[in-house]
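Taking the hints as your guide, dock the two standalone chains into a single complex.
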Amino acid sequence: MAQHKVIGTETEYGIVVRGDPSFNPAIASSLVVNSYPGARVRLQWSFEEESPGRDARGMGHDAYGMPDPESAVANSVLANGARLYVDHAHPEYSAPEAYDPLEAALYDKAGERVMHRAAVAASASSGRQVSLYKNNSDGKGNSYGAHENYLLSRDTPFTDVIRYATTFMVTRQIFTGSGKVGRENDRPDVDYQITQRADFFEEEVGLETTLKRPIINTRDEPHGDPSRYRRLHVIIGDANLSEVQIFLKVGTTALMLAALEDGALPDPLDLRDPVTACWQVSHDLSMKEPLDLDEGGTATALELQWRYHEWLSKYAEAELDDPVWKQVLDEWERVLTLLEADPMRLADTLDWVAKKRILDGYRERDGLAWTDPKLKALSLQYHDVDPAKGLYQRLAARGSFRRLFTDDQIEEATVEPPTRTRAYFRGRCVSRFPDSLVAANWDSLVFDVGEATLKRVPMMEPLRGDAERVAELIDAAEDAAQLIERLGG
Amino acid sequence: MSDRERAQSRRREESESSEETAKRTESEADLEALDELLDEIDEVLEENAEEFVKNYVQKGGE
Numbered sequence: 001m002a003q004h005k006v007i008g009t010e011t012e013y014g015i016v017v018r019g020d021p022s023f024n025p026a027i028a029s030s031l032v033v034n035s036y037p038g039a040r041v042r043l044q045w046s047f048e049e050e051s052p053g054r055d056a057r058g059m060g061h062d063a064y065g066m067p068d069p070e071s072a073v074a075n076s077v078l079a080n081g082a083r084l085y086v087d088h089a090h091p092e093y094s095a096p097e098a099y100d101p102l103e104a105a106l107y108d109k110a111g112e113r114v115m116h117r118a119a120v121a122a123s124a125s126s127g128r129q130v131s132l133y134k135n136n137s138d139g140k141g142n143s144y145g146a147h148e149n150y151l152l153s154r155d156t157p158f159t160d161v162i163r164y165a166t167t168f169m170v171t172r173q174i175f176t177g178s179g180k181v182g183r184e185n186d187r188p189d190v191d192y193q194i195t196q197r198a199d200f201f202e203e204e205v206g207l208e209t210t211l212k213r214p215i216i217n218t219r220d221e222p223h224g225d226p227s228r229y230r231r232l233h234v235i236i237g238d239a240n241l242s243e244v245q246i247f248l249k250v251g252t253t254a255l256m257l258a259a260l261e262d263g264a265l266p267d268p269l270d271l272r273d274p275v276t277a278c279w280q281v282s283h284d285l286s287m288k289e290p291l292d293l294d295e296g297g298t299a300t301a302l303e304l305q306w307r308y309h310e311w312l313s314k315y316a317e318a319e320l321d322d323p324v325w326k327q328v329l330d331e332w333e334r335v336l337t338l339l340e341a342d343p344m345r346l347a348d349t350l351d352w353v354a355k356k357r358i359l360d361g362y363r364e365r366d367g368l369a370w371t372d373p374k375l376k377a378l379s380l381q382y383h384d385v386d387p388a389k390g391l392y393q394r395l396a397a398r399g400s401f402r403r404l405f406t407d408d409q410i411e412e413a414t415v416e417p418p419t420r421t422r423a424y425f426r427g428r429c430v431s432r433f434p435d436s437l438v439a440a441n442w443d444s445l446v447f448d449v450g451e452a453t454l455k456r457v458p459m460m461e462p463l464r465g466d467a468e469r470v471a472e473l474i475d476a477a478e479d480a481a482q483l484i485e486r487l488g489g
Numbered sequence: 490m491s492d493r494e495r496a497q498s499r500r501r502e503e504s505e506s507s508e509e510t511a512k513r514t515e516s517e518a519d520l521e522a523l524d525e526l527l528d529e530i531d532e533v534l535e536e537n538a539e540e541f542v543k544n545y546v547q548k549g550g551e
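So the sequence lines, in the order shown, correspond to chains A and B.
Numbering follows this note's numbering, with no gaps: position 432 of the first sequence is 432.
Numbering follows this note's numbering, with no gaps: position 60 of the second sequence is 549.
It is possible that some hints are incorrect.
Unchecked claim - Below 25 Å or equal to it, Euclidean Cα-Cα: the simulated DSS-like pairs (lysine-lysine) are:
(1) Lys543(B) <-> Lys455(A)
(2) Lys212(A) <-> Lys548(B)
(3) Lys140(A) <-> Lys543(B)
(4) Lys548(B) <-> Lys314(A)
(5) Lys140(A) <-> Lys548(B)
Calculated from the structure, these hints are not laboratory results.
So that you can see chain B by itself, here it is in the shape it has in the complex (with noise of 0.2 Å):
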């Protein structure tokens, strides 16, 4: 193992435990932060889905 293998494992074994405990709480809080996320995009979505898709065409570029 080279240093940075070893400080890349040892930030890796770091970074599990110490989130370890804090892990649940943290995961129920992101997802009350996705379903706000959520309902706030349904507000401005795009009203017909399929046909916005649809009438998205571009010619090549570059």
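Excised from the complex, chain A in its bound form (with noise of 0.2 Å):
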């Protein structure tokens, strides 16, 4: 039976000082998180656990198993479980663990509430305007990443992922996409294409995820017991803002693993040249582009997602039972169904789609090349965090986008963790004793309870320490000292 997919989303945010185009990005993205309001403990994040040069394929990269010391400048984690960091040139939010798809979605748009009020927190006390942007391009061949992890059993072979997922990521890209005016990276010239990070993409398998990025990301770092869990690390995605879209893209990807790992994809439908299909699908709107298949003969993108949807939909009948699967296939089906038809009808489903819906509108209103720096400002515009200024955000709030969540319920999942996952545990710590907190990890958190020694609490299973296992005793505990006493430690 298939490891359960826990589920967890990364976010580099794009960031601009107005007024002041030579800002230090690492310094402003520092302001950014250091000015969170929000509910959170900022402390050390430990790197003794984490390797992100090991390898999936055996082996070893020693050069990043350094700390990255820029990192270590601002760093928090929060009362939902997630993280709030800078990487490098960006402020990142890594949301805690989710178990199902529906919740990966619900605390992926949780961050950009928190970007958002980091953002006005930011430029009320420097007294200049950070704006933040949910995208993964600025237009000039520069990339940043949104990337997706899924919980694997190390039982399985990391050559079954390579040999059965490529296809997958490369076809997902007709619904994942945020949209994209132009070509970077000296790709073949369009107009517009359907993702932000196609153009990035110039391996089939890597460890890199800055340069020759690889549609399977290598990286062996499973957060987790090792013996037990590998971590797909899925760099091949956009950001996006839909909240449908988010659910379909993580809810159709964990269903894909799942099967893989349970032996139920009966063909791997290898393409010809991955990396090339890669770009292919993204700048093909017709969705009409014949791929050429490695056996002979060409299938298009969409044939490609329906031979998963069709698979995927009896594997989750006979060996998934958790309706939220259900949810996913039915979703899958609509969306797939009208970019046949139409894909013009998603303008309410997917960020591509209502984008280029604005900018066609544009087009013709006041009759603009697509070159014209308005579009390029309308697209990028449309990933502005700012309710008042993102236009993706002023369509959902006019009712113009289908939605999964309220504003009160991505509100509250800004403060409260996930349930059934170890971000429960994280992120309650959080909230109970924040002062004890000194260092944390994504496998474990450390206290400082006024002993001779620091207190080390392990998180090795991503399920565990879920509401059900530690809820009374987090509750019930007066102090941190009395926490780690309870828990045996």
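Printed below as a string of structure tokens:
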């Protein structure tokens, strides 16, 4: 039986200081992170258990093993279990571990609220206007990531992941894109394309995330018991604003990975050249571009997605009880059907379509060419997290997007952790014992309870530390010392 | 044709025929809604688009 798919997303936000084109992005990002006024603890992120340089194919890579001193400058853990920090030149929100795709979408959305409040506070304290963008490209050849993480069993051979997941990742772009004007990175010229990220992918498989980006990233850093788990680190996705789209992206991918682990994908559907196909899919607004298959012949991204839909429908029906998977499959079917009939009918569901609808409207009304700066400005402004300025935020507020959550639910998710994963323990400890927490990591918390040594609580099981197991313990403990004592340490 | 393909093609036909008549009024309503939307966006649009785009430069990340 497949490993339960714990899911987490991480997003680097674009940052701008108005009126100061030469601002230092690392300093501005630190200001944003350190200004966040919500419930959190600022602390050291412990690197001792992390190993981003370890390769799932069995190779080592020492150069990646060192802690990054820049990242230690501004780091905090929020009451919802998320991590808010500076990653190089961007503020980053890593959502808490979610139990299912709905929860993963909710906590991804909560990140936008967190970032907006941090930007408002940073603007107030600095006297400058700091703006944040949930996107992945500056349109000038620089990309920053929106990554997804899925828990896999250590028993799943990584060669199977490479073999069976590649075509899925390339073809899912038709519904994971957030839309971009033009091309980057010397790709073929286009007016508009489906994704922000496709132009930056250059390899099929690899360890890199900042150059020569691979479709399948091999980082082997489970953030849990390494003898039991893998964590698939997916870097080929766009940051999305549409709630339904985030749900669909992580839901279909989690379902595909579960089926992969259970041997329920009958065919790898190998593409002859996955990297070229990656750009082809993103550049093809007609949904009709034939992709060369390794065994000969061609298929479109849509046709390949229908194959996965068919297999995964059967798999879910036979193997999975949770109704959330039916919701994933129904939404997937709806989206594929409409992409086939007329993609523009998904302007209330997919970011790339909603954005294109606005740009087409401006082109028509004002007679603008695709190269007009106004269209590029609109395309960037779509992603502004400010509810007053961000075009997605305006569309959602006026009811032009299908929603999964109320504003109140998203607001609550900025302070309340998920209840069915270890994020519960982390988040509740931030709320209850902020002064005793001195360091944190995805799989441990370190407390100072006034004794000679610090107390480290390991959290190597992503599905333990949930409310059912620890809520009473945390609520009943008067202080961190008592909690540690009752935890048996 | 597999069951699924038959179901898909049936679904497509149904949605096409049942929406044929409503299409015209719907698209007119759509246009009106889009005009309204563009007017609303005009109010909040970055004032100097060219400068805004020029100054939007990010360092690579990840």
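Please list, smallest to largest, the hint numbers that this structure does not respect. 1 and 4
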